[in-house]
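**Q** Chains as they are written, first to last, in our numbering: chain A, 1 to 348; chain E, 349 to 696; chain V, 697 to 1053; chain X, 1054 to 1410.
Note that these hints are calculated values from the structure, not bench results.
Bear in mind that the values here come from a model prediction, so they are computed numbers and not experimental data.
Hints may contain errors.
[What the hints assert, rightly or not] As a list, the in silico DSSO-like pairs of lysine-lysine whose alpha-carbon atoms are at most 27 Å apart:
id: 1; chain 1: V; residue 1: Lys-765; chain 2: V; residue 2: Lys-748
id: 2; chain 1: V; residue 1: Lys-1008; chain 2: A; residue 2: Lys-329
id: 3; chain 1: E; residue 1: Lys-677; chain 2: X; residue 2: Lys-1108
[Unchecked claim] Some chain E residues well away from chain V (every beta-carbon gap over 10 Å; in silico):
id: 4; residue: Ala-390
id: 5; residue: Gly-440
id: 6; residue: Asp-535
id: 7; residue: Arg-549
id: 8; residue: Leu-656
Note that the Cβ used here is the ideal one computed from N, Cα and C, for glycine as well.
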Amino acid sequence: MTAQRANPSEDGEGGLRAVPTTSTAKLTIAQAVRDGLAAEMARDERVIVMGEDVGVDGGVFRATDGLIERFGPQRVIDTPLAEDGIVATAIGMAMSGLRPIAEIQFMGFVYPALNQIFAHAARMRVRTRGRFHVPMVIRMPFGGGIHAPESHSESYEALFVHTPGIKVVIPSNPHDTKGLLASAIRDEDPVVFLEPKRIYRAFREAVPTDDYTVPLGRAAVPRAGEDVSLISWGAMVRVCLDAAQELAGDGISAEVVDLRTLNPLDRDALLASVVKTGRAVIVHEAPRTAGFGAEIVALINEHALLHLEAPVQRVTGFDTVFPYARLEKHYLPTRERVVKAVRAILDF
Amino acid sequence: MTAQRANPSEDGEGGLRAVPTTSTAKLTIAQAVRDGLAAEMARDERVIVMGEDVGVDGGVFRATDGLIERFGPQRVIDTPLAEDGIVATAIGMAMSGLRPIAEIQFMGFVYPALNQIFAHAARMRVRTRGRFHVPMVIRMPFGGGIHAPESHSESYEALFVHTPGIKVVIPSNPHDTKGLLASAIRDEDPVVFLEPKRIYRAFREAVPTDDYTVPLGRAAVPRAGEDVSLISWGAMVRVCLDAAQELAGDGISAEVVDLRTLNPLDRDALLASVVKTGRAVIVHEAPRTAGFGAEIVALINEHALLHLEAPVQRVTGFDTVFPYARLEKHYLPTRERVVKAVRAILDF
Amino acid sequence: MPRTTVFESVIERLEILAPDGVVDEGLMPGLNDDQVLELYRNMVRMRVFDEKAVKLQRQGRMGTWPPLKGQEAAQAGVALAMSDDDWLVPAFREHGIMILRGVPGHLVLAYWAGDERGSAFPDGVRCFPIAVPVGSQFGHGAGLGMSLGLRGEQAVAVTFGGDGATSEGDFHEALNFAGVFKARTVFVIQNNGWAISVPRSGQTASATLAQKALAYGIPGVQVDGNDVFAVYAATMEALERARSGDGPTLIEAVTYRLGDHTTADDAGRYRTEEEVEAWKERDPILRLGRYLQARGLWDDAREEMLAEEAAKWVSSQIEALEAMTPPDPADIFRYMYAEMPANLEEQMRSLIEEVAS
Amino acid sequence: MPRTTVFESVIERLEILAPDGVVDEGLMPGLNDDQVLELYRNMVRMRVFDEKAVKLQRQGRMGTWPPLKGQEAAQAGVALAMSDDDWLVPAFREHGIMILRGVPGHLVLAYWAGDERGSAFPDGVRCFPIAVPVGSQFGHGAGLGMSLGLRGEQAVAVTFGGDGATSEGDFHEALNFAGVFKARTVFVIQNNGWAISVPRSGQTASATLAQKALAYGIPGVQVDGNDVFAVYAATMEALERARSGDGPTLIEAVTYRLGDHTTADDAGRYRTEEEVEAWKERDPILRLGRYLQARGLWDDAREEMLAEEAAKWVSSQIEALEAMTPPDPADIFRYMYAEMPANLEEQMRSLIEEVAS
Ligand SMILES: Cc1ncc(C[n+]2csc(CCOP(=O)(O)OP(=O)(O)O)c2C)c(N)n1
Ligand SMILES: Cc1ncc(C[n+]2csc(CCOP(=O)(O)OP(=O)(O)O)c2C)c(N)n1
Ligand SMILES: [Mg+2]
Ligand SMILES: [Mg+2]
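Could you put together the complete structure from these sequences and hints?
**A** As structure tokens, then:
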């Protein structure tokens, strides 16, 4: 059973209740990751999980909880503390018939592995003209808002999106988490799977217990609207939904677009929404300058400029380092800032 | 003597001949790097140079030629082959009173050092609230066009521009090379200094033998025009100048903006040009998606949308891995592509 | 001569103070009673401070905290060996030695409470900031040591890391640089048995961590890290070597993290109570206490006084923490660069307005 | 027992074939005459191929080329020891062994001529592509070796790297993983004395590179890398160990790069003629030739025949290279992903149009 949805904009609920299924479980995002991993491991014995503390400990966010008991230490591998080594060995495995899922404990610790991701994982297929490829998933929690110490709050998705050869997937709810994870694991190319840790356990949703996928490259429209498009991904989708709710109180109809995968990008869905509403606000946690929001503005400029009623706005992190816990609330985009941006362009 | 130029757009020649000076030498960009390094080392004994093959060999592009003879192996340090180690030790040095200039042999080899650049160099000042800072320059040749093997052609400037705390400087000619390098070395914060290797030895220009600086954060306008703004940096500036030349033959007046530093960005100069011409083409070698070109489009959208006569165009590398030598000419932006883009927006 | 030995080596382990408090007189470093008493006091202060911080976290008055309980000797012994002008390059579990080297306790607390001002050490405190990315500080220590040498300073850079940190490429590159350039750096690995849930044996197949020094042609030594005299003696030797220009040393201090990895961790998920109990027997503070008692230098009354004094000092640090003005949101921008660029000015102004409204 | 030895080790160097062509019979591996003759032929073919590639580059018919001249024994000896189903994980100077393991010579030439199709090895060739970022391949070799073990294969991953590459963090992490997981991986370091202009002594302060194995608790051995029998014997032992599940081995083959680093380099800038001349005396091909002659297995007539045959083979490879159709610009896009996304389709179409017009 797959949940491949035809036209995301036909599906105002983000596909959550659109999928008929025999049974569901109420899961958080973290649990959906765990269930998704377990399902894929059960389905395909080439799938293995590796990383720091993913085994006995079950992951620092419990996203791999119980897997080692079920699948054993040969398939759930507690590695030494070395991100470059994790990704490098995973590449060697992926090139020789396994389908490794490497966990990086926090996105702020992926930097040592960027060499392997940029110079090898992303390029293996093209530089060997298809002789080798790297069916690998690199999972990592990302984003701020959990009052964590430094290096635990980054949103560096733009790095990966700017790297051809790497798919970038970012779920915003439990249903999509499991379905996108299945697609990522089954994909023949390397996928960076970014998990919005701020909402890892923020809410539960009904998630099918059966096998299903959410395809890569398809945006969702969790809320339809007419006046403005709020475009975001990950934890910011909920901020946008909250803003839309508030705006609705003032009679402003905001459409929320959840990109879900940044590469491949569902450009058509994105542009369709902007063409319809004529206004767009892009919301992301990453620093503004050269963030992925800029790319969206550029695409709108190239393909829908004449439909714009006002300049596209970006509500983003500042061009600063992500602050420690005591100031992080000032950094993160908020409902208020989104609402303010919407009002600004409606007044334009 | 400094060459700090008031208003870049007043200075149609990119400042080359605008600077009165006692004596000049005809130098290539590579030689301007070498002379710039020597001048700063002579001026300030805290300045040291380190990297792979920078000493006895004088650098694989000869950009450090003769420095070890002049300043000795204590100040010109041939390091082990380890980019992370180079940048990490340079940070330790910079935090304790030296001013290291670390060379990364090619931009494609900086990835192992990104952890140190992102997690430490960029953040040291803010995370210690000014107690420490990292006055360091990381030099590296970048860009394609020299028929080099794989990993020798990347243009990954967007990575650094998206990292708050790192200044990004990219000269396009010998004069600016020496002057910007002096500013970078004297800067109190970490600077990534990207040298367009394709034009390292492509041409010579008169460069003052005396001490001068070109300030960071100031664009140049090497060719003024009325109809369209061609915005670029590094080796692409010459492609734009060539295109402007060709367009002039058809009576189209193109202004060429050489950004010179991407962070801090001379937004005013950039916007002034676009406001004047109403049309812009951005030219860079990096892959299009989430390249720095997108940020420029976003800035124009935010600050000059109503002045646009047509959508801003991007002439960039493809969203692919940089191809090996036999196909690289297809990848790199060319004069023809720039001209075509200009014609397209003039016909809009 | 076709199968010849081209390299031979031995790694030694140094122990001076046995768990029962008896010392090996032949190896005992020259410390006077005041120094020994000071060691004890410092270790007790660390413990009280650490336990209090854990409590603060449980009460919601502190962010995530990484307890050092059990590792007091490894930090106090090194601190005592260091000269005033030596530098400390910590990882993230070194609050003990950071405070001994002059970092005000309330700043350490502020750091873990999520306030960047915690790393704004007073002038003159020769300590690098806490480094969270595991292993990333080793290279700073190597570079600092190279820089001290280049500038003719006598000071040494003492650089800490954990057992898990030895697996990172940074460790390798840093020690290799230090070896090649004879950096004035001493690398201290606090091998506390665990890197979160991964035991030392899962981290590397080498018999000891000290032997990793052999890869870099530098001396390596293992010490009982719960034996403050062994830690002190090994550090003195290493500092001496660095100061005389003979290059870096790797010290593996074998100790144990008695607490959780951090307050966000539950060590019960991955290790046994028995293991923890066995290590409690080897508690570095008990051990030095036994020695002091046997020497007649300590008694219950003094212990009580010390406990009071330590509690008072810790309270004063918490008061200082809580007396700190709230951090200024503008600081997010203010320290990004020496001079603030225009785009940051704009962003800062918009935040200031927002906060004011 | 307060100052005890906790680790002891010895690193050995293996030499079997002396520069004068005399072998140590006691250590001589069991090779029949045909095998030895094959070794010689392979080494000569490599040399002819390599020298021809350098010439092609000088003539502008080839991109940058990294000569392997002088390192033939280190590659031929390893190749002979490998089983059919073993994997090779090369760095970038391993054309010799790549060809011996089944990579067509013209593809190696194509790679360095700037054509990605050079890494599209025929099916069944168990060789990873050339890795340009120094050291980055070690981890692939470790992961491959882990994967072979996990899937119950008998094959071993033989992973090459240079002396310079041992300084990268990748080397450390890869060997550490391999040690912990007992990967079926043999790491061969061709220590050719130089990493571009940096001599081995500037790369690390360790006396040997083989001893770096001690950091990972795995066996390490140094061999005379210009002694093809020693290389073969050490590799056989290491492969055997890996195959029986006893984990990885680090082999340091001490050899010398007689040529420039690449055709873009001028080694005269950083090393002396005398050094090069001294190493020419130790040429691995001369040495094996002396042995063959002493054994009566070789003479000038055969040498001449071999030279001719090698030249012919090399010509055939160049012909095959030059017979390749020009690469298709659309290939830039075609192999980026298993399925081409829409934006790439557009970009590809625009390029195809541009090329057509
Ligand atoms: C590069 C990096 N990867 C992962 C983490 C998450 N993490 C924090 S501490 C830790 C374990 C550190 O173990 P060790 O070095 O032994 O120090 P200890 O915690 O025992 O003091 C891990 C995995 C990190 N901070 N940095
Ligand atoms: C990560 C990285 N840094 C720098 C380079 C540039 N480079 C290419 S080969 C080389 C030296 C390699 O030395 P070694 O490992 O001894 O191999 P050899 O060239 O001697 O075969 C360098 C510095 C590179 N390819 N990759
Ligand atoms: Mg530990
Ligand atoms: Mg070498």
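**Q** So, for every hint listed, does it hold in this structure?
**A** To see whether the hints hold, each was checked on the structure:
With a CA separation close to 11 Å, the supplied pair Lys-765 of chain V and Lys-748 of chain V stays within the 27 Å bound. For the proposed pair Lys-1008 of chain V and Lys-329 of chain A, the alpha carbon gap of about 34 Å is over 27 Å, so the pair is violated. Proposed proximity of Lys-677 of chain E and Lys-1108 of chain X is supported: the alpha carbons are some 25 Å apart, at most 27 Å. Interface exclusion of Ala-390 of chain E from chain V stands, the closest Cβ pair being 17 Å apart, more than 10 Å.
Not every CB of chain V is more than 10 Å from the CB of Gly-440 of chain E (nearest about 2 Å), against its label as outside the interface. Listed as outside the interface, Asp-535 of chain E is inconsistent with that label: its C-beta sits roughly 8 Å from the nearest C-beta of chain V, within the 10 Å cut-off. Taking the minimum C-beta to C-beta distance to chain V, about 32 Å, the non-interface status of Arg-549 of chain E holds against the 10 Å cut. Listed as outside the interface, Leu-656 of chain E is consistent with that label: its C-beta sits roughly 21 Å from the nearest C-beta of chain V, beyond the 10 Å cut-off.
The structure fails to meet hints 2, 5 and 6 from the earlier list, while all remaining hints are met.
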